[in-house]
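Note that the working numbering has the sequence shown beginning at -13, numbered continuously upward.
Honestly, the hints are just simulated from the structure, not real lab data. Accuracy of the hints is not assured; some may be wrong.
[Stated by the list, open to error] So the derived label-pair ranges between C-beta atoms look like this:
id, residue 1, residue 2, range
1, GLY96, ALA408, 46 to 54 Å
2, LYS157, ASP61, 34 to 42 Å
3, ARG60, PRO275, 41 to 49 Å
4, THR336, ASP105, 50 to 58 Å
5, ALA158, PRO129, 33 to 41 Å
6, GLY96, LYS334, 29 to 37 Å
7, GLN333, GLU313, 50 to 58 Å
8, GLU79, ASP105, 39 to 47 Å
Cβ coordinates follow ideal geometry from the N, Cα and C atoms, glycine included.
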Amino acid sequence: MTLATALVAFAFAAASLLAAQQPAKSEKQGAAGGAPAGTTNAEFAAAADEVLHQMSEITGLKLLTPLKKSLRSRDQIRAYVINEMKEDKDEAERYAGQRSAEAFGLLPKGFDLDNFMIDLLTEQIAGLYDPKSHEFYVADWIPAADQKMVMAHELTHALQDQHFKIDNWVKAARPNDDAELARESVLEGSAMAAMVDYLLQGTGRSLQDLPDIDPSMLVGDMDSTPMLKKAPPFLRDALIFPYLDGLNFSAAIVRPKGWDALSGVFAKPPVSTQQIMHPATYFSFRIPPKADLPSLDKDLGSDWVRLEDNLMGEFGWKEVLKQFLGEDRATPLAAAWSSDRYILFEQKKTKKLVLITRLDLADDRATSRFFTAYCEALDKKYEKRTNEKRQEDSLAFESPDGGVFFKCLQMSCVSLEGSDRALFDKLNSGLHWDAAAPDKAADRTTVQRRDSGTTAAVSSLK
């Protein structure tokens, strides 16, 4: 598992949601009969063995080899976070990821992502299963009652690892970030689902009996944690997504046929976050077509380096749209995602960025809606703009960061941010689109734009 999916604090919120459905427990007991705070190593090991046996019964996954387990201090947790962050992706990969998020407007420029994530994860991590060392451990400062909830979640990972080699399974999706996040969501969502069944033991009910779970009910307490409260919205959403959307996806798998059905997902994993967000698309198993972009490396020149070449997926585009237009409008727009690709270039000396994107949509109507909405998003992203020209299917203007160009044709939209008209024409030519015709576009005055505070009105998407 990557560090982005190492949090298990969301298990506590789920436990609160289900608490009313469980028999009352004494104050000296925790969930599922946990021991009082101040658990010794021997008590911890015994409790872990007990929960491990229960999770094996719930998931149908047998323990194949003995499992190492231990309590860890906060300093040990922090050291693990730092080491895992470096091992999961090297410094250049982490830098490229951060710069990509900045280019899309998802993180503030100059945001100290590495140190923030270290502090955030140290605060949030209550327990971990490490697939590299095949060891499970729990934070020694959390109450014993909560330790059992953490065990239920993380020991599910331990069992999955023995059967499916989860670290290799997740990384097999690389370099497709969207597909990798989808696989992480299977892991975290299925562990959440198993934890739900663990908490419902003795009630005569199980996940298969529960109605659809509203994710918003599971995140209410997350705002009370200091670092998570300070996190940019994109980081919060990226951390929560594998747990909550993954839970709904796993429930859609488990409810009809039981836990045995989950092994089929490991054999045929989801290929996009769209399949996590809309499980019906997984069952139809539509493979997103490849979204091509021409190579513009030579056109930019030797003083530019390609930092990133990847996919955003429905989740990523929803985050971009949400950043500027709000969640209610972002959700239906992003749901029309069919495929995408983006390339990020950085100038070696100045660190200036050029972002090129392509988004393929479900149909012409969705393209029209996206064009109107994304024009507004670009207006909000670049408050200082000049020489703005707009046609029915294209937008162009100058910003302090360089030229911004956006165009849609049929069921595809492309954008270029940070360069000039000549490079955008190269992009259009490489796609075999007609080059945009700036002379035919009508200028929009600064007064019109600033008086309204927005671009042309956007039609209702619902």
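Comparing the hints with the structure gives:
Between GLY96 and ALA408, the C-beta spacing of about 30 Å breaks the proposed range 46 to 54 Å. At about 28 Å, the CB distance of LYS157 to ASP61 disagrees with the hint of 34 to 42 Å. Taking 41 to 49 Å as the suggested C-beta distance range, the pair ARG60 and PRO275 conforms, at roughly 47 Å. Distance hint check: the CB atoms of THR336 and ASP105 are about 30 Å apart, inconsistent with the given range 50 to 58 Å.
Judged by the Cβ atoms, the range 33 to 41 Å given for ALA158 and PRO129 holds: they are separated by roughly 37 Å. Under the hint 29 to 37 Å, the C-beta atoms of GLY96 and LYS334, about 18 Å apart, miss the expected range. The supplied range of 50 to 58 Å is broken by GLN333 and GLU313, whose beta-carbon atoms lie about 34 Å from each other. GLU79 and ASP105 have their C-beta atoms about 21 Å apart, which leaves the hinted 39 to 47 Å range violated.
Checked against the numbered hints listed earlier, the structure breaks hints 1, 2, 4, 6, 7 and 8; every other hint is satisfied.
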